[in-house]
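Student: Each chain, letter by letter, is given below.
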Amino acid sequence: MAQESTADKNVPVIELRHVDKHYGDLHVLRDVSLSVARGEVLVVIGPSGSGKSTMCRTINRLETIDSGEILIEGEPLPQEGRELARMRSELGMVFQQFNLFAHKTILENVTLGPREVLGQSKEEAEKYAMELLERVGVASQAHKVPAQLSGGQQQRAAIARSLAMRPKAMMFDEPTSALDPEMINEVLDVMVELARGGMTMVVVTHEMNFARRVADRVVFMADGQIVEEGTPDEFFDHPKTQRARDFLDSIKGH
Amino acid sequence: MGLAELLGTYGQNYLDGLLATWSMSAVSFVFVMVLAVLVTVARVSPVAPLRGLGELYVQVFRNIPGVALLILVAYALPQLRVVLPWRTCVIVTVVLLGSAFGSENFMSGINTIGVGQIEAARSIGLTFTQILRHIVIPQALRTTVLPMTNLLIAVMLSTALGSQVPMTPQELTGVVSYVNTRATGGILAFLISALGYALTAIAISFLGNRLDKRVRVLR
Amino acid sequence: MSLRSHGAPSVRDALYEAPGPRTRRLIAVGTTVSALLVCALLALVVRQFYVTGQLAPRYWSFFAEWPIWRFLLQGFVGTVEVALTAGAIALVLGLALMLGRTSGVRPLSAVCRVVTDFFRGVPSLLLIYFFFLVVPQYGIRMPAFWMLTLPVALAASGVLAEVFRAGVNAVPKGQVEAAYSIGLSRWKTMRLIVLPQAIRYVIPSLIAQLVVVVKDTTVAYVVSYPDLMQNARVLITNYDALLSMYLVVSVIYILINFAINKASVYVARRTGVKIIR
Chain A
921 MAQESTADKN VPVIELRHVD KHYGDLHVLR DVSLSVARGE VLVVIGPSGS GKSTMCRTIN
981 RLETIDSGEI LIEGEPLPQE GRELARMRSE LGMVFQQFNL FAHKTILENV TLGPREVLGQ
1041 SKEEAEKYAM ELLERVGVAS QAHKVPAQLS GGQQQRAAIA RSLAMRPKAM MFDEPTSALD
1101 PEMINEVLDV MVELARGGMT MVVVTHEMNF ARRVADRVVF MADGQIVEEG TPDEFFDHPK
1161 TQRARDFLDS IKGH
Chain B
4 MGLAELLGTY GQNYLDGLLA TWSMSAVSFV FVMVLAVLVT VARVSPVAPL RGLGELYVQV
64 FRNIPGVALL ILVAYALPQL RVVLPWRTCV IVTVVLLGSA FGSENFMSGI NTIGVGQIEA
124 ARSIGLTFTQ ILRHIVIPQA LRTTVLPMTN LLIAVMLSTA LGSQVPMTPQ ELTGVVSYVN
184 TRATGGILAF LISALGYALT AIAISFLGNR LDKRVRVLR
Chain C
12 MSLRSHGAPS VRDALYEAPG PRTRRLIAVG TTVSALLVCA LLALVVRQFY VTGQLAPRYW
72 SFFAEWPIWR FLLQGFVGTV EVALTAGAIA LVLGLALMLG RTSGVRPLSA VCRVVTDFFR
132 GVPSLLLIYF FFLVVPQYGI RMPAFWMLTL PVALAASGVL AEVFRAGVNA VPKGQVEAAY
192 SIGLSRWKTM RLIVLPQAIR YVIPSLIAQL VVVVKDTTVA YVVSYPDLMQ NARVLITNYD
252 ALLSMYLVVS VIYILINFAI NKASVYVARR TGVKIIR
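Residue numbers (my numbering), protein chains in the order written: chain A, 921 to 1174; chain B, 4 to 222; chain C, 12 to 288.
FYI, nobody ran anything at the bench for these hints, they're computed from the structure.
Predicted, not measured: the structure shown is a model, and the values here were computed from it.
Take these hints with a grain of salt, some might be off.
[Stated by the list, open to error] Simulated DEER-style distance windows between Cβ atoms: (1) A:Arg1086 - B:Ile140: 20 to 30 Å; (2) C:Thr63 - B:Thr91: 12 to 22 Å; (3) A:Lys1172 - C:Gly283: 30 to 40 Å; (4) C:Val116 - B:Ala29: 31 to 41 Å; (5) A:His942 - C:Arg280: 20 to 30 Å.
[Claimed, not checked] In silico PhoX-like cross-links for lysine-lysine, where the CA-CA straight-line distance does not exceed 20 Å: (6) A:Lys1064 - A:Lys1042; (7) B:Lys216 - A:Lys1064; (8) B:Lys216 - A:Lys1024; (9) C:Lys184 - C:Lys285; (10) A:Lys1024 - A:Lys1047; (11) A:Lys1064 - A:Lys1047.
[Unchecked claim] Anything over 12 Å on all C-beta distances counts as not near chain A; from chain C, calculated: (12) Leu55; (13) Phe87; (14) Ser114; (15) Gly115; (16) Val146; (17) Gln148; (18) Ile151; (19) Ile193; (20) Leu246; (21) Ile263; (22) Ile265; (23) Val278; (24) Ala279; (25) Ile286.
We put the CB at the ideal spot given by N, CA and C, even for glycine.
The following block holds chain A by itself, in its conformation from the complex:
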């Protein structure tokens, strides 16, 4: 499945061009254009209801768009069928609520995709799955079902489930928002590791320290628009827009 050699290094892994989306009367995405380069870690921040989660979810078509274009390695995102499923298998997605399959063990959660989608044998899939579970630190929980794990463990297992597909890029939709405070770091640590390893990442989060430490670029969204983007230092120390300044002030207040 590895196609990195054929892919042009200069083509963005993910690109959104003039994306618009409405929920009824609500204009949730307004002319959003964005591109994510190979190996780049993009952190999306903004107040709740700013459209950042929606934007993240449009990338693998969990949300449809009304107009504009979404390209994955220069190819338009397929709209349905096997082509869409294949494209999704190459993009990892981590959810706020973990969304592990409740009736399967952690190991089965991680091997389901490789076995069903990539056609790997049970042994092959399990071997790699155990490696990944080791890496995220939940190997000892492999034979338990999700409900027996803590939130932090579940989220790390969910990351392993995505990694098992050997994705080209990973999307994180507020991965720590549903976690108790003491578990946030164990998940962020795994994400930092991933970023260091050169994974292309889009991270929607409220964790400003993570953004500052790991992001190559920060995108600030409000009211469905990208208001500002820049390096973490530029953005956090010298925000250009009043909206960004207000937002940063509001979270500092906490």
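Given the coordinates of chain A, assemble chains B and C onto it according to the supplied hints.
Tutor: Below, chains B and C alone, put in the same frame as chain A:
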């Protein structure tokens, strides 16, 4: 009439009645499950007329009284030149009633899965049929063990409708009316049938609980 | 609880994702074909009515006459009387059975459990035959009303006992502990703290159980009690219009029960509780 005399005279009737109740319940339940799946498929399908038909089916058959439906099937259908054997009439009635409730059970089973798991399955590249096979159907089945156990008991109880048509052999309730219109069987005549139902219900319930403990999905 | 849980899309809608152009075409074709099939089915039914002569005016015209409806209405009043009386008895009996079962007094609890399981595990028709055929053998003369109402009530009481128990179990444990800690006795805790909350939880389920009661009353003809169904049977012998009359009566029952179910769901939504079945 003492127990010995009662069983001596009518023992065979009770035994036949118990077997008739059991066999009708079993046959009905199989069809209930099949039909419930089909109705549920229609109700969750993206095809509007099928959805509507499925909804109508469920609303009609979960709200119609069993006796009214039995009379329609057994006595009104022949006027449309659809004549079924008595036993079949009862089974058809029980199946129509039961499948509406079975579909309701499946629907709530599907709804407990949660949108998130389906999105997660989609995200790792599973196709629609793979999602059904690996995520939706297994969980829907495992979470509906208890409701379906109760449904099986309800199906068994509704086979008592068989007492309202001249069916042979009679089922347990029919036997009670048969015995008591011929002799003064007293409370015993009633209790034998009642225990037949109640003990079967307890056994079904026991097995259902054990199965549920084994396959329950922790949440 | 996630924020999204408010007005979250149901799994039913999530099962199929937003269709692409190819899927949309497929759905359109499926919609057309299935609509045609439904129409064909309907046509077939109407045709069967027609060829068997069931559409003839003599089967339907009497529905335009007020005395017919007045007689049916009288039957309906009978149905309501039985259903409400049986419902009220079942409510009291169900509550008593539940209280007995959760009383902590071993023998009482065992007896209540057996009684509850018995009434839940026996068809209401069998109970009706008990009151109709067996009770008179002991020289007890009962009016038809009670021969119908008592068995319906007994059958429902078993189910209601379980509904009440589920309601009691739904009351948070902390409530009971708090009540004990301020020195309330077991019975006072039940009466003052647990029951009021439990009853609030089960009101929608109680309303939904009324459907079962209404359905059970339809065997009134066994004891010749003039309910809606029995009065319909009387009309059928007068007008020789079996199919049309039973169809209309069935639709009436379906509408009544549909309304009761809707009321139950409405109350459940208003009060934010789940319906226990």
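Student: Taking the numbered hints from earlier one at a time, note which ones the structure violates and give those numbers from smallest to largest.
Tutor: none
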